[in-house]
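Using the numbering used here, the first residue of the sequence shown is number 28, and each one after it goes up by one.
Just so you know, these hints were derived from the structure itself, not from any lab. Among the clues, some could well be false.
[Claimed, not checked] Keeping only pairs whose Cα atoms sit at most 30 Å apart, straight-line, the calculated DSSO-like set for lysine-lysine is:
#1 117 with 129
#2 129 with 70
#3 127 with 99
#4 54 with 70
#5 127 with 70
This one's a predicted model, so the numbers in the text were calculated from it and none came from an experiment.
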Amino acid sequence: MTASAVQDNIRDALRAIVEGKIVKRIKHDLVHEGQDLTHLFVKELERHGYKPMTVDGVRCERGERVPAFYMKDSVAYFGWVFWEQFTSWKIRKLWGSVIKDKRGDWDIQIPATRKTTIYANESLTLEMDIDHPPEF
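Work the whole structure out from these sequences, hints included.
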């Protein structure tokens, strides 16, 4: 296989992760044959309308969720920015990974108070049941 064909296959695989149609968006190692592909993945995210921002910077109303990726140590984690409601008066905005912990909570959580960069696509905002966010 030529180097060009390999690069095309890599881009196709990264695109599949971003789109989430063929490949389930969960946790993806971005190292292939010893090469860190994080920069290529970020370019693919940007091609699909994902922008670098903080959780606080994501436009998301109560009852909505915005798809977003978080990168750490050459691994891409998929999750959603949304509002978690505890009571009618206690609510918080966060990014929660689709990976769950033993209690069924989000394994990775990034609150709006943290300045961590995520890649979010506000044009793909979906409605959700704010009273039952783990069920999305």
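Each hint, compared with the structure:
no.: 1; hint: 117 with 129; in the structure: holds (24 Å)
no.: 2; hint: 129 with 70; in the structure: violated (33 Å)
no.: 3; hint: 127 with 99; in the structure: holds (17 Å)
no.: 4; hint: 54 with 70; in the structure: holds (18 Å)
no.: 5; hint: 127 with 70; in the structure: holds (27 Å)
When held up to the earlier numbered hints, the structure conflicts with hint 2 and nothing else.
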